[in-house]
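S.K.: Below are the chains, spelled out letter by letter.
2 protein chains.
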Amino acid sequence: MTRDNNHKILDCTIRDGGLVNNWDFSVKMVQDMYAGLSEAGVEYMEVGYKNSAKLLKGADAGPWRFLNEDFLKEVIKTKTDTKLSALVDIGRVDENDILPREQSFLDMIRVATYIKDVDKALELVDKFHGYGYETSINIMALSHVMENELAEALEEIAKSPVDVVYVVDSYGSMDYSDIDYLVAKFQRLLPEKRLGVHMHNNMQLAFANTLMAARKGVEFLDASVYGMGRAAGNCTTELLLSNLKNPKYDVRPVLDLIERHLVPTREKVEWGYNIPYMIAGALNEHPRAAMALRASQDKDKYVEFYDKLTSPEAMPTNHHSD
Amino acid sequence: MTRDNNHKILDCTIRDGGLVNNWDFSVKMVQDMYAGLSEAGVEYMEVGYKNSAKLLKGADAGPWRFLNEDFLKEVIKTKTDTKLSALVDIGRVDENDILPREQSFLDMIRVATYIKDVDKALELVDKFHGYGYETSINIMALSHVMENELAEALEEIAKSPVDVVYVVDSYGSMDYSDIDYLVAKFQRLLPEKRLGVHMHNNMQLAFANTLMAARKGVEFLDASVYGMGRAAGNCTTELLLSNLKNPKYDVRPVLDLIERHLVPTREKVEWGYNIPYMIAGALNEHPRAAMALRASQDKDKYVEFYDKLTSPEAMPTNHHSD
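Which chain is which? The protein sequence lines are A and B, in order. Positions 24 to 345 (this note's numbering) are the ones given, in order, by the first sequence. Positions 24 to 345 (this note's numbering) are the ones given, in order, by the second sequence.
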C-alpha cells in the first residue's frame, strides 16, 4: 500500500459541470457541495469561472460563470479547510475584477491557456501571484502540441512564479503511456513546480490516467462529482476518494451529494462516456462534433458519424484548438 | 507505437451479456454479431455457455445458455476466421454433451472455476483437450485468494495441457498495480502458458487494466460489445479495436452492432458502471448486493447501501465466492 498523503483533490464540478448546464446550479446545491466536499476531505473546490460578463458578450449564464465576490461570500458564508479556486480564460478575464487575496474568499486562481498564449497566461499568473493567490497554469489540448513548442513554453513557465502546472488531456485521447511520457517530461523541465492533471473520460481512462499520474508524483488531481463535465466528463471525485490511501478521505458525503443533487441533474442534462465521445477521443479530436451530434435527432447514428469524421473530406475539426 | 499483432480479442457479449438478459438474444442478433465481429477482425466470439439444462434445474433461459451443436450450426451456417468458444462451469456441464472438435463448430472450451475446484477444472480441461479443443482455465475471484493456495493451483495448472490461463477480476476491484503483480506472477509460474484477462468495470478500470495487461504480454483479451455483461460489465470491444495497434482491426462494424442491437438492448436491461457497483468494487465484494439494490425501488439510495456494506454488522457477502 502506498500512502497518498501528499495529493490534493481539486473538485471542479461547479466550474466544468457548468459547461453542461450553463451554470444553472442552485445556491443550495453549491452550499451542499462545499459542505460535502469539506467533510469528504477534498482539498480544493473550484466554484466557477472568474471571467468577465463584459468580455463574453451576449453571455447569459448562471452566476458561477462570472464569480462575484460578494455573492460568493453570501453563498459560502464560512470557509472550511477546503480551499476555493476559480478558473480564468485568456482574453475573457478583466483583471480589475480580481481583489487582493486577503479580501477574497478565493485561495487559488487557475489560468487555462492554449500553448500559443502561454505568454499571456504568464502575465496573468504574475498579477494573481502578486495579489497573493496560489496560481496554476493549465495548458490545454496538449495532444495537439509539437515538442519544440512545448519545450519552449515549459522553459518560460519554469522561470515564472506559478505554483502548479497542469497536464490537460482536453480531448480524452491519452492513455497511460502518454501520461507516463508527459509527466516525466514536465518533471524534468519543471523540477521546482508542483504538477497537476485534468483528464477527460472519452475512452473510460480519466480515472485510470489520474491514478497513474498520482503514483508518479503528480500532486493536484482534478475530478468532479459523478464525473460531471463537458462531453465525456472527468475523473470522478468518488473514485479518487474510494481509492487513494489517505485516512482523511471519506467517500460517504460525496455519495450523498450524488444521490441528492447529481442524479437529478443527470436526468436533465447529459454528460459522460458514450460512443460519439469515444470516437472523438480515439481520433484525438475536439468533442465539438460529437456534442453537436448528441444534441441532434441523430444522436445514436454512430456509423454515419464515424464515417464523417474519418472520411478524407472530413472537416479538419482538429485544426482548431478552442 | 507498439504493434499489438499478437493479441486476441475474445468477445463474450452473448455469453456474459446473457447474464443480464437471461440469454434472450434473437438468432438474427447473434448472426449479425458473428458477421460484424468477423469483419472487425475479432479473433474469438464466445457464443454462450455449454452448461447442461439437466444440471441447472428450473433453468428457463435462452438457447445461448445451453448451447446445442445442431442449433449452433443452423445459426452460424458458415464459419469465418473468427473462432467460436463456449464457457462451462464446474458441476454444471455434462461431458456427454461435448462432441469431438471435428464434429463441432466450437474451437475453444473455457472452464470457469473457483480456486477450490481447480482440480475439477483440470479434469475437464484434460477431457476437452483430448477432444481436440483449445482450452482455457479461468480462475475467478482472484482478489479473494490467498497466495499459498494460488501458488499451489498454478503449479498444477503448469503441468496440465491447458492452453490459456486467465486472470479474472470478478469483483472489478483491481487496479494497474494488481494487474502488474498478478500478470508477473502468472508469467513466472506458468512460463509455457498463454495468458488472458477478463476485467470488470466497477471502477471504470476494465479497459485500462486490459490495456495494461496487453502491454505486459497478455495475449487473450476478453471484451464485450458496449461492455454488455453482468453488473458493471466488461472491457468494451470497441475500445480495444480503437486502441490496439493492429492494422487488421476495424471498429466500424462494431459501431454498427452497437447502433442496431446494443443500444436497443440497453434500453430494456441495465448494465455498466454505476455507484452501487463502484462501491462493491471498491470494497472488493461480489456485486450480488448491488445487483439486488439496482433491481429494487431503492436503486439510487447510495448512502444507505454504503452504510449497510460497511457497517460492522454487515452480512459477510464477501465470504461466498459464487
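Among the hints, a few may not be true.
Unchecked claim - Pairs of lysine-lysine, DSSO-like flavour, derived with a Cα cap of 27 angstroms: (1) A:291 x B:324; (2) A:106 x A:182; (3) A:77 x A:31; (4) A:322 x B:51; (5) A:208 x B:100; (6) A:150 x A:239; (7) A:51 x A:31; (8) B:106 x A:51; (9) B:291 x A:324; (10) A:268 x B:182; (11) A:271 x B:271; (12) A:268 x B:208; (13) B:150 x B:139; (14) A:322 x B:291; (15) A:239 x B:239; (16) A:268 x B:324; (17) A:291 x B:322; (18) B:322 x B:31; (19) B:271 x A:324; (20) B:271 x A:331; (21) A:324 x B:51; (22) B:268 x A:331; (23) A:324 x B:268; (24) B:182 x B:31; (25) B:324 x A:271; (26) B:268 x A:208; (27) A:239 x B:208; (28) A:51 x A:322; (29) B:182 x B:102; (30) B:291 x B:31; (31) B:322 x A:51; (32) A:239 x B:268; (33) B:291 x A:291; (34) B:331 x A:268.
Derived from the structure by calculation, the hints contain no laboratory data.
S.K.: Need the list of violated hint numbers for this structure, in ascending order.
M.R.: 3, 5, 6, 8, 10, 11, 18, 28, 29 and 30
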